[in-house]
Amino acid sequence: MLDEAGEDSSEAAGHLAAGRPIYYRTSDLPPRQVIKQYPDGRRELVSFETGRETLIGELSAA
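For the sequence shown, our numbering puts the final residue at 1245, and the numbers step up evenly by one.
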């Protein structure tokens, strides 16, 4: 996970290095919404409101 400042933990960095996206929350997001970050730096706002991942929109790269 990333912390509020966007700092990688070693576990999150390992997932990204292995080509897997990571998910994290910031305190300003509504419930059930998270940021999905891809290894190439792309970020998306996604929701799990329905129990399934739903794209809300693309965000600027980290």
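Calculated from the structure, these hints are not laboratory results. Built from N, CA and C at the ideal position, the CB exists for glycine as well. Watch out, some of these pointers could steer you wrong.
What the hints assert, rightly or not - Label-pair restraints from in silico Cβ distances: (1) Ser-1193 - Thr-1233: 31 to 41 Å; (2) Ser-1192 - Asp-1223: 27 to 37 Å; (3) Thr-1237 - Thr-1209: 26 to 36 Å; (4) Gln-1216 - Ala-1244: 29 to 39 Å; (5) Pro-1204 - Gly-1234: 25 to 35 Å; (6) Leu-1238 - Asp-1211: 16 to 26 Å; (7) Leu-1242 - Pro-1214: 25 to 35 Å; (8) Ala-1244 - Ala-1201: 31 to 41 Å; (9) Ser-1210 - Gly-1240: 30 to 40 Å; (10) Glu-1232 - Pro-1204: 16 to 26 Å; (11) Gly-1224 - Glu-1194: 13 to 23 Å; (12) Ser-1243 - Ser-1210: 17 to 27 Å; (13) Pro-1213 - Ser-1243: 14 to 24 Å.
Mind checking the hinted window 13 to 23 Å against the Cβ distance between Gly-1224 and Glu-1194?
-> holds, 18 Å
Verdict for Glu-1232, Pro-1204 (Cβ pair) under range 16 to 26 Å | holds, 19 Å
For the pair Ala-1244 and Ala-1201, does the Cβ-Cβ distance stay inside 31 to 41 Å?
-> Since the Cβ atoms of Ala-1244 and Ala-1201 sit about 19 Å apart, the hinted range of 31 to 41 Å is violated.
Given the hint of 17 to 27 Å, check if Ser-1243 and Ser-1210 actually sit that far apart at their C-beta atoms.
-> holds, 19 Å
Would you say the C-beta atoms of Pro-1204 and Gly-1234 sit inside 25 to 35 Å of each other?
-> Given about 19 Å between the Cβ atoms, the range is violated.
CB of Ser-1193 to CB of Thr-1233, is that within 31 to 41 Å?
-> At 32 Å between Cβs, range holds.
How does the Cβ-Cβ distance of Leu-1242 and Pro-1214 compare with 25 to 35 Å: does it lie in that range?
-> violated, 18 Å
Is 29 to 39 Å right for how far apart the beta carbons of Gln-1216 and Ala-1244 are?
-> Given range 29 to 39 Å: violated, Cβ gap about 19 Å.
Return holds or violated for the Cβ distance of Leu-1238 and Asp-1211 against the range 16 to 26 Å.
-> holds, 19 Å
Check the following: the C-beta atoms of Ser-1192 and Asp-1223 are separated by a distance inside 27 to 37 Å.
-> violated, 19 Å
Do the Cβ positions of Pro-1213 and Ser-1243 conform to the proposed distance bound of 14 to 24 Å?
-> holds, 19 Å
Indicate whether the distance between the beta carbons of Ser-1210 and Gly-1240 respects the range 30 to 40 Å.
-> At roughly 19 Å between Cβ atoms, Gly-1240 and Ser-1210 fall outside 30 to 40 Å, so the hint is violated.
Hint compliance for this structure: hints 2, 3, 4, 5, 7, 8 and 9 are broken, all remaining hints hold.
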